[in-house]
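Taken in sequence, the protein lines are chains Y and D.
The opening position of the first sequence corresponds to residue 1 in UniProt numbering, with each subsequent residue numbered one higher.
The opening position of the second sequence corresponds to residue 1 in UniProt numbering, with each subsequent residue numbered one higher.
Certain hints may be false.
If chains are identical, the list can't say which one is meant, so a pair holds when it fits in one copy or spans any two.
Distance condition first, Cα-Cα at most 25 Å in a straight line; then the derived BS3-like pairs of lysine-lysine [to be verified]:
| hint | residue 1 | residue 2 |
| --- | --- | --- |
| 1 | Lys38 | Lys181 |
| 2 | Lys150 | Lys185 |
| 3 | Lys78 | Lys68 |
| 4 | Lys38 | Lys171 |
| 5 | Lys153 | Lys181 |
| 6 | Lys246 | Lys38 |
| 7 | Lys171 | Lys246 |
| 8 | Lys68 | Lys45 |
| 9 | Lys61 | Lys246 |
| 10 | Lys246 | Lys149 |
The hints are simulated quantities; they were obtained by calculation from the structure and are not laboratory data.
There are 2 protein chains.
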Amino acid sequence: MQLNKDLYIIGIGPGNLSDISRRAYQVLNEVDVIVGYKKYIECIKELIGEDQQLYSSGMRKEVERVEKAVELAAEGKKVALISSGDAGVYGMAGPAFELIEKNDISITVEVIAGITAANAAAAVLGAPLMHDYAVISLSDILTPWEQIKKRLKAAAEADFITTLYNPRSSKRKTQLKEAKKIFLKHRSPDTPVGIVRSVGRDGEEIMITTLVEMPLEKVDMLTTVIIGNSNTYISDDKIITPRGYKI
Amino acid sequence: MQLNKDLYIIGIGPGNLSDISRRAYQVLNEVDVIVGYKKYIECIKELIGEDQQLYSSGMRKEVERVEKAVELAAEGKKVALISSGDAGVYGMAGPAFELIEKNDISITVEVIAGITAANAAAAVLGAPLMHDYAVISLSDILTPWEQIKKRLKAAAEADFITTLYNPRSSKRKTQLKEAKKIFLKHRSPDTPVGIVRSVGRDGEEIMITTLVEMPLEKVDMLTTVIIGNSNTYISDDKIITPRGYKI
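Could you build all of it, start to finish, from the sequences and the hints given here?
Given below as structure tokens:
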């Protein structure tokens, strides 16, 4: 395969080598440098060759990694900048394009889509995401909490299936509690809720519960939460949202 | 690879053999039967072996295909039931679980996630989906139009980036026009809009425009429409939604 771009922004999916796209796998095999958060580099370490250069760093260092990737690509290296899930969903695609555009850097870029947490979590829960849905990050580090609350209220009122990203961390515990309260105002306490931790990775945990019973303390930054709509139901160990077919 | 389930419900992604997951590719190679809409079977025809049985049918035959797949799996065949994109998003996972549950059929099932149109379209547009987003199907065949309108209004008011599925067909032309009108009430006429037709397939077309200028007649059932939020902007030939990083 001839790599015809300078920078590839790649979503690696949930974090194993099976749920990655064939295109992403091939490009990751052939680039000169892979840049990413150290835990995501760890997820794909088996495919990294001895001749490939790595640049990894820790949490909150997103802008630094983007700068490094763009710099190396501008120097003539073939670079892969990785995100978990899809790089276009709260991932590295945004800051990369922002940096390139603001500094008028002339490199060619391709985004290679990946399976984002909403879809990966839905797959192990059954079929919860079968109708109109909203994706909301509960992290208020980069977004005012009032804006997030407004979106939670809108999603709850309009009966969207709702997937929560970054729902809770050791330092951010109140947001999920408040989200639950907002949903309980507009949706039945029995609304099915799926909680998936480390989807697709070692130690994956799946819990099926209801809105009123959702155990907040089971949720952390490795967790994705899916709240059903008013038609969603639980059957055996699956969450199912009917699409409307006569079955 | 040992197939340890009876039925695999597989999202093949946008419709080429590169953007499919490695897991989906491997399972599709090894099942006895592949069941799907004839156009999606066409997308993966290169990987189908001579010893594999196919069962394909046309549009609106979703329930028939689900019945066939479940029946074959119950008879002891290893079956793949395919959807384009992600089978859990307006795809075959929902009706399959509904059928299995209602008829108390005892087969084992695995859903293999795929890249849904929202993420595939976002990747070719740049980084439009970088913040909270809603996915709404404009098809009112299975959902009352009033409910869809309510969701459009909620998404527009709460400043969700919004991806429209099934936006317009030869028989369904008014919905997109009405959706545009709803968004124009709550969002600037200059809001970036990306229109992607046949994403990832031969003849892929990408158009970047604005809400007020969105040409309705360019949109059909093969098209995905992404409407930016109030911070989304167009730079060169890309749509970018800032995540909030200082860059």
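Outcome of the hint check:
no. : hint            : verdict
1   : Lys38 - Lys181  : neither (35 Å within a copy, 45 Å between copies)
2   : Lys150 - Lys185 : both (14 Å within a copy, 18 Å between copies)
3   : Lys78 - Lys68   : within (12 Å within a copy, 47 Å between copies)
4   : Lys38 - Lys171  : within (21 Å within a copy, 50 Å between copies)
5   : Lys153 - Lys181 : both (10 Å within a copy, 23 Å between copies)
6   : Lys246 - Lys38  : between (48 Å within a copy, 22 Å between copies)
7   : Lys171 - Lys246 : between (46 Å within a copy, 22 Å between copies)
8   : Lys68 - Lys45   : within (20 Å within a copy, 41 Å between copies)
9   : Lys61 - Lys246  : between (50 Å within a copy, 12 Å between copies)
10  : Lys246 - Lys149 : between (36 Å within a copy, 23 Å between copies)
Checked against the numbered hints above, the structure breaks only hint 1 and satisfies the rest.
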